[in-house]
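Generate coordinates for the entire structure from the input sequences, incorporating the hints supplied.
Numbering (my numbering), first residue to last: 5 to 449.
Because the hints were derived from the structure by calculation, they are not lab data. Some hints could be false.
Derived DMTMM-like pairs (lysine to aspartate or glutamate); straight-line CA-CA distance at most 20 Å [to be verified]:
#1 K187 to E73
#2 K67 to D172
#3 K286 to D172
#4 K185 to D260
#5 K182 to D276
#6 K165 to D290
#7 K186 to D260
#8 K363 to D394
#9 K286 to D402
#10 K286 to E389
#11 K185 to D276
#12 K222 to D394
#13 K364 to E389
#14 K286 to D276
#15 K76 to E94
#16 K186 to E73
Listed next, with one range per pair, are the computed distances between beta-carbon atoms [stated by the list, open to error]:
#17 I179 to Y144: 47 to 55 Å
#18 L412 to Q378: 44 to 52 Å
#19 W104 to S272: 37 to 45 Å
#20 D348 to I179: 24 to 32 Å
By construction, the Cβ of each residue, glycine as well, lies at the ideal position given by its N, Cα and C atoms.
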Amino acid sequence: MYSQNVTQVGIMGETLHDRPRRSVFMESGLNSAASYHAPTKVAPAPIKFVNKPSDAFSDPSKKYGVIYEGLKPLHLLMRIVGIFPIAAMENRVFRLVPQWLGYSVVVFLVMVGYIGYLEWDSVEIVRSQEGRFEEAVIDYLFTVYLLPIVINPIVWYEGRKMASVITDWVFFEAIYYKVTKKKLDLFFGNKPVIVAVVLPFVACATMVLTHITMAHFKVVQVIPYCYINSVIYLIGGFWFMQCDVVGKVATQVANDFQMALRHVGPTSQMADYRALWMLLSKQIRDVGNASGYTVTFLCLYLFLIITLTIYGLLSQLQTGFNSKDIGLMVNAALAVAILYFICDEAHYASNCVRVQFQKKLLLVELTWMNEDAQQEINMFLRATEMSPTDMCLVGFFDVNRNLFKSLLATMVTYLVVLLQFQISIPEDAGDVGNNTVVLVTQGPK
Numbered sequence: 005m006y007s008q009n010v011t012q013v014g015i016m017g018e019t020l021h022d023r024p025r026r027s028v029f030m031e032s033g034l035n036s037a038a039s040y041h042a043p044t045k046v047a048p049a050p051i052k053f054v055n056k057p058s059d060a061f062s063d064p065s066k067k068y069g070v071i072y073e074g075l076k077p078l079h080l081l082m083r084i085v086g087i088f089p090i091a092a093m094e095n096r097v098f099r100l101v102p103q104w105l106g107y108s109v110v111v112f113l114v115m116v117g118y119i120g121y122l123e124w125d126s127v128e129i130v131r132s133q134e135g136r137f138e139e140a141v142i143d144y145l146f147t148v149y150l151l152p153i154v155i156n157p158i159v160w161y162e163g164r165k166m167a168s169v170i171t172d173w174v175f176f177e178a179i180y181y182k183v184t185k186k187k188l189d190l191f192f193g194n195k196p197v198i199v200a201v202v203l204p205f206v207a208c209a210t211m212v213l214t215h216i217t218m219a220h221f222k223v224v225q226v227i228p229y230c231y232i233n234s235v236i237y238l239i240g241g242f243w244f245m246q247c248d249v250v251g252k253v254a255t256q257v258a259n260d261f262q263m264a265l266r267h268v269g270p271t272s273q274m275a276d277y278r279a280l281w282m283l284l285s286k287q288i289r290d291v292g293n294a295s296g297y298t299v300t301f302l303c304l305y306l307f308l309i310i311t312l313t314i315y316g317l318l319s320q321l322q323t324g325f326n327s328k329d330i331g332l333m334v335n336a337a338l339a340v341a342i343l344y345f346i347c348d349e350a351h352y353a354s355n356c357v358r359v360q361f362q363k364k365l366l367l368v369e370l371t372w373m374n375e376d377a378q379q380e381i382n383m384f385l386r387a388t389e390m391s392p393t394d395m396c397l398v399g400f401f402d403v404n405r406n407l408f409k410s411l412l413a414t415m416v417t418y419l420v421v422l423l424q425f426q427i428s429i430p431e432d433a434g435d436v437g438n439n440t441v442v443l444v445t446q447g448p449k
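Below you can see the structure in the form of structure tokens.
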């Protein structure tokens, strides 16, 4: 093995020489005792003349990079609700902070206790013995709304990987500055604010509407539903913003690479862009793996909610729609929208990382380039073909538009099965309009 210390250099355990190294100085004057002068060391260049990657963060308002600062409103809100126990440490490194993790655990335990209190001591579900099958399904839907409380520990479990992804974005900006000699310029618009403000408001309003249209529901019973629904919407919005960041960064790097192709200099510049693209392809895989279990659970939950809600709406066709179906309809529409944006934005990010670079590489005119530049272009194109750029969730499945179509097809199959169950169960025609689900509120024991 290769080893090195201050006094000797060894390869495979064999010492090359035992004499200590001598420092090299640039001496001034003649080498004589009469005109001896002290040796003069060669000092490094002043810091202001050194092209450092840290110059990319010279703006104090963007200390941790434009990506982190752009998503900061969303990070703060997620930290408040207890699903983002990550904070910046020294040297622009993000880690799981025990203090914020303890705060998240306290919030989780409070909500679990609240849900248990409402489930076992306050709300009792009463229905007649002749209750219809679809009424039981709609009844279970309100219990399913509380299941995503288990997503909080899943987010904590993946917190270290998410912190590593945020840190890698900071280092990516520094490397981008070193390669392109300019700062990464991304414009998010009002998307982070909309995700951080509008989505929780819509989530709470939806649950309030659903409970108002149902009988015997109190405001105190809506609080856990609003919290859980807000967490679901925030996680979906955070995934959307992460994919949007990947797409914007890939587009910016592709445009810079196109400008570099117009003024081809040393072949090392092409190699630098290829290395930058390899980092970007690794980053998109890390984004998928860092939220793999969380987004997997989210997709399955949305699939279940959409299936049960649409079945409840279809089962009301024979009796006609009423006011309580409005909340179910809004919930179904929003769940479909969130699932669509999760799949569509991941498809967009993967397309930006791979297809955009391949288009620019295939349109390059190679006849006027030298042999080394042509070889770098071919190696770059081969790298885009061989390196995976799909948004994969810890190896289970790829998130793209095909996933959305597959979930819809499976949903139709389940709806057909549920409707067949409904048709096969005999019911009294005279009691169709009287068998309803009644939610009775009792005082604590």
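Going down the list of hints, with the structure as the test:
1. Among the hinted pairs, K187 with E73 is consistent with the structure: their alpha-carbon atoms are about 14 Å apart, no more than 20 Å.
2. A C-alpha spacing of about 15 Å is found between K67 and D172, which places the hinted pair at or below 20 Å, so the restraint holds.
3. At roughly 10 Å between alpha-carbon atoms, K286 and D172 fall within 20 Å of each other, so this suggested pair holds.
4. A threshold of 20 Å between alpha carbons decides the hint, and for K185 with D260 the separation of about 11 Å falls inside it, so the pair holds.
5. Only pairs whose Cα atoms come within 20 Å are accepted, and K182 paired with D276 is accepted, the gap being roughly 10 Å.
6. Between K165 and D290 the alpha-carbon distance is near 8 Å, which keeps this suggested pair within the 20 Å criterion.
7. Taking the CA atoms of K186 and D260, the gap is near 10 Å; set against the 20 Å cutoff, the hint holds.
8. Of the pairs offered as hints, the one joining K363 and D394 holds, with about 17 Å between alpha carbons and a cut-off of 20 Å not exceeded.
9. Note on K286 and D402: the hinted pairing holds, with a Cα-Cα distance of about 15 Å set against a maximum of 20 Å.
10. Distance hint between K286 and E389 is fulfilled; the C-alpha atoms sit about 14 Å from each other, no more than 20 Å.
11. A C-alpha spacing of about 12 Å is found between K185 and D276, which places the hinted pair at or below 20 Å, so the restraint holds.
12. Between K222 and D394 the CA atoms are separated by roughly 46 Å; this puts the pair beyond 20 Å, and the hint is violated.
13. Taking the CA atoms of K364 and E389, the gap is near 14 Å; set against the 20 Å cutoff, the hint holds.
14. Distance restraint check for K286 and D276: the Cα-Cα separation of roughly 15 Å lies within the 20 Å cut-off, and the hinted pair is therefore satisfied.
15. With a C-alpha separation of about 18 Å, the suggested pairing of K76 with E94 holds against the 20 Å cut-off.
16. Between K186 and E73 the alpha-carbon distance is near 18 Å, which keeps this suggested pair within the 20 Å criterion.
17. A C-beta distance of roughly 51 Å is found between I179 and Y144, which places it inside the suggested range of 47 to 55 Å.
18. For L412 and Q378, the Cβ-Cβ distance of about 46 Å falls inside the hinted range of 44 to 52 Å, so the restraint holds.
19. For W104 and S272, the Cβ-Cβ distance of about 43 Å falls inside the hinted range of 37 to 45 Å, so the restraint holds.
20. Checked against the given bound of 24 to 32 Å, the beta carbons of D348 and I179, roughly 29 Å apart, stay inside it.
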